[in-house]
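Protein chains in written order, with my numbering: chain E, 1 to 325; chain V, 1 to 263.
Treat the hints loosely; a few may be bogus.
[Stated by the list, open to error] Derived DSBU-like pairs: lysine-lysine, alpha-carbon spacing no greater than 35 Å straight-line: (1) V:Lys198 x V:Lys56; (2) V:Lys198 x E:Lys206; (3) V:Lys56 x V:Lys141; (4) E:Lys206 x V:Lys171; (5) V:Lys198 x V:Lys185; (6) V:Lys141 x V:Lys198; (7) E:Lys206 x V:Lys141; (8) V:Lys141 x V:Lys129; (9) V:Lys234 x V:Lys171; (10) V:Lys234 x V:Lys141; (11) V:Lys185 x V:Lys234; (12) V:Lys141 x V:Lys171; (13) V:Lys56 x E:Lys206; (14) V:Lys185 x V:Lys56; (15) E:Lys206 x V:Lys234.
[Unchecked claim] Residues of chain E placed beyond 10 Å of chain V at every Cβ, according to the derived structure: (16) Val18; (17) Phe25; (18) Val117; (19) His178; (20) Gly213; (21) Ile307.
[Said to hold, decoys possible] Sample of chain E residues at the chain V side, in silico, Cβ under 8 Å: (22) Gly199; (23) Glu202; (24) Ser291; (25) Asn292.
Keep in mind the hints are simulated off the structure, nothing from the lab. Quick reminder that beta carbons are idealized off the backbone N, C-alpha and C, glycines included.
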Amino acid sequence: MAARIGQLFLRQREASIVAIAVALFLYFWLSSTPDFVTHGSFVDIAQYMGPYVLIGIGLVLLMIMGEIDLSVGFVWTLAPFVVHFFVDSGLSTILAIIVTVLLLSLVGLVNGIVTTVFGVPSLIGTLAMGYIIFGFTLTWTAAQEVTMPTIEIGVGRWFGGEAWSEFLWATALVLVFHVFLTRTRWGLYTVSIGGNLLGARESGIKVNRIKVGNFMLCSSLGAVAGIEEAFRTSTIDPSAGQLSVVLIALAGVVIGGTAMTGGSGTMIGMWLGVLVLGVLGDGFNLRGISSNEDQIILGAAILLAMIANTYINRLRNAGRLQGKV
Amino acid sequence: MSNETSGQQDDILRVEHISKRYGAVTALTDVSLRLGRGEVLGLLGDNGAGKSTLLKTICGFQQPTSGRILLNGEEVTFRSVTHARALGVDVVYQDLALINQLTVYHNMFLNREPVVRPIPLLRNRAMRKIAQEHLDEIGVKIPSVNAEVASLSGGQRQAIAVARAVFSDCKVLLLDEPLAAMGVKEGAMILDLVRGLKDRGEVSIIIIAHNYGQILDVCDRVNLLQGGKITFDKPSAETSVEELTEIVVAEYRRALEERHRSA
Chain E
1 MAARIGQLFL RQREASIVAI AVALFLYFWL SSTPDFVTHG SFVDIAQYMG PYVLIGIGLV
61 LLMIMGEIDL SVGFVWTLAP FVVHFFVDSG LSTILAIIVT VLLLSLVGLV NGIVTTVFGV
121 PSLIGTLAMG YIIFGFTLTW TAAQEVTMPT IEIGVGRWFG GEAWSEFLWA TALVLVFHVF
181 LTRTRWGLYT VSIGGNLLGA RESGIKVNRI KVGNFMLCSS LGAVAGIEEA FRTSTIDPSA
241 GQLSVVLIAL AGVVIGGTAM TGGSGTMIGM WLGVLVLGVL GDGFNLRGIS SNEDQIILGA
301 AILLAMIANT YINRLRNAGR LQGKV
Chain V
1 MSNETSGQQD DILRVEHISK RYGAVTALTD VSLRLGRGEV LGLLGDNGAG KSTLLKTICG
61 FQQPTSGRIL LNGEEVTFRS VTHARALGVD VVYQDLALIN QLTVYHNMFL NREPVVRPIP
121 LLRNRAMRKI AQEHLDEIGV KIPSVNAEVA SLSGGQRQAI AVARAVFSDC KVLLLDEPLA
181 AMGVKEGAMI LDLVRGLKDR GEVSIIIIAH NYGQILDVCD RVNLLQGGKI TFDKPSAETS
241 VEELTEIVVA EYRRALEERH RSA
């Protein structure tokens with residue numbers, strides 16, 4: 001019976017990451033980490049997760065197709081400055097946010113065109129794009145921090161200012177994009193492109209359109225993440241975002257079970273992957289491990305999580321092969 | 001039932017005087033073939049005989065250097081595989097065009113998925129039902145239409161690719177080495193599928209293969225391709241594996257002798 005339940009559980013793609021998340025949580029709880037099971041600690045985890053989950057959504061869509069977007073972290077950096085600019089120009093805050101997100105989706109448009117039309121590998125193309133955006137941001141803002149005007153904070157409360165707002169937005173979007181990925185033609189074609197590019201193209205799927213669209217979604221989500229972070233911290237910092245946030249989100253995506261080689265990926269898994277990173281960071285922080293040592297543990301934890309993931313997946317596949325006659 | 005007796009006017013597909021050159025290399029020389037309505041034609045030939053080139057030319061993957069293709073008596077130029085497919089000529093490749101990560105029914109409906117309105121969500125239940133009915137109808141047996149294609153055997157994948165082509169109203173089906181790398185049981189399953197399709201008579205089929213034995217059995221007629229030319233065209237009832245093998249071996253000997261002489 002237990003074996004049967006185990007089998008059923010293993011059949012789920014997110015099984016391994018759920019197991020890892022639960023194990024970590026239990027570890028920190030049972031080893032009586034001070035204040036781990038408190039509201040404040042959960043808020044910390046939630047606030048950590050919000051922005052990574054947002055860009056993680058875009059990265060899952062891209063990585064399923066075997067693509068990546070390193071520029072999304074720099075869009076994150078730039079976005080709140082653009083909002084600030086539009087508010088200064090007299091736009092209402094809500095309108096400024098919408099215009100900014102739409103405008104920065106054009107970064108994705110360029111990324112997509114560079115990848116599909118010019119055939120530049122997205123790893124390089126988006127890295128170049130990232131530097132261009134970053135240089136533009138620094139030049140434009142003279143690398144100065146800006147404070148969010150109070151009026152923006154007012155509207156921004158539900159958009160990132162409140163303790164849970166960013167997390168709830170991100171989680172709601174994960175659910176929306178989970179349906180988008182698994183229950184729409186667009187989602188199906190995204191998987192098809194990553195699974196069998198030639199086959200997808202031959203069946204008449206507009207491969208380039210899907211790719212460009214997903215790059216645009218990724219940039220838009222990067223903009224949303226940057227804006228929400230600025231509302232949360234009430235400052236706009238030119239050193240926010242950048243490459244490191246992409247890499248952390250990437251770790252979450254991969255720990256969550258999305259294949260680096262493309263063809264498969266899950267939104268829910270990504271959410272759990274980022275949760276694992278959040279629980280790890282929070283737990284070690286509360287145990288009084290300095291943020292310097294924290295990096296070592298984070299790195300080791302990512303490795304361990306990946307090894308566990310690969311191992312459990314191998315079990316899954318073995319089970320699947322046995323199940324087949 | 002074969003249609004050998006029907007006139008050439010009734011051919012669904014005719015390839016006339018097709019040549020294909022890649023730079024200095026001539027892959028096909030003045031190849032002509034015909035496919036009758038409902039007929040199963042075996043296109044046989046050894047490795048390097050030009051089978052793949054001919055296949056790619058018929059299915060729209062590439063254009064011939066010269067010559068023409070007639071579909072239902074009308075001259076056609078296939079701009080792409082997608083274009084050929086839209087006109088009813090579909091190919092099932094060795095390296096299949098299925099998406100391994102998707103379920104059987106999603107593959108069957110790929111790029112033709114029905115959705116609900118107003119939010120365009122996939123009608124998975126309807127697709128499952130129709131896919132299952134269709135597979136039952138033409139006699140393809142798989143564990144479940146919900147299975148990921150990756151979890152199926154090579155023969156089952158091939159059968160699904162064939163079923164998908166038939167499902168999308170294909171009139172001329174090209175099978176590229178359908179039995180390659182397949183076990184005996186798997187091969188028998190594919191041949192049964194072809195026989196079933198022949199009995200239904202809705203599709204005309206060209207089977208490309210280099211292994212004559214099993215193929216001869218299901219074909220109405222065989223053509224032999226050697227060195228980029230069709231050298232042999234007979235109803236399969238009037239030939240045998242031995243005859244075909246002899247022709248190919250003789251050709252090989254002749255080529256070998258010529259090489260010796262010129263050396």
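To see whether the hints hold, each was checked on the structure:
no.	hint	verdict
1	V:Lys198 x V:Lys56	holds, 23 Å
2	V:Lys198 x E:Lys206	holds, 34 Å
3	V:Lys56 x V:Lys141	holds, 29 Å
4	E:Lys206 x V:Lys171	holds, 24 Å
5	V:Lys198 x V:Lys185	holds, 20 Å
6	V:Lys141 x V:Lys198	holds, 18 Å
7	E:Lys206 x V:Lys141	holds, 31 Å
8	V:Lys141 x V:Lys129	holds, 15 Å
9	V:Lys234 x V:Lys171	holds, 23 Å
10	V:Lys234 x V:Lys141	holds, 33 Å
11	V:Lys185 x V:Lys234	holds, 28 Å
12	V:Lys141 x V:Lys171	holds, 23 Å
13	V:Lys56 x E:Lys206	holds, 22 Å
14	V:Lys185 x V:Lys56	holds, 28 Å
15	E:Lys206 x V:Lys234	violated, 43 Å
16	Val18	holds, 20 Å
17	Phe25	holds, 31 Å
18	Val117	holds, 18 Å
19	His178	holds, 12 Å
20	Gly213	holds, 14 Å
21	Ile307	holds, 23 Å
22	Gly199	holds, 4 Å
23	Glu202	holds, 5 Å
24	Ser291	violated, 39 Å
25	Asn292	violated, 41 Å
In this structure, the hints that do not hold are numbers 15, 24 and 25, in rising order.
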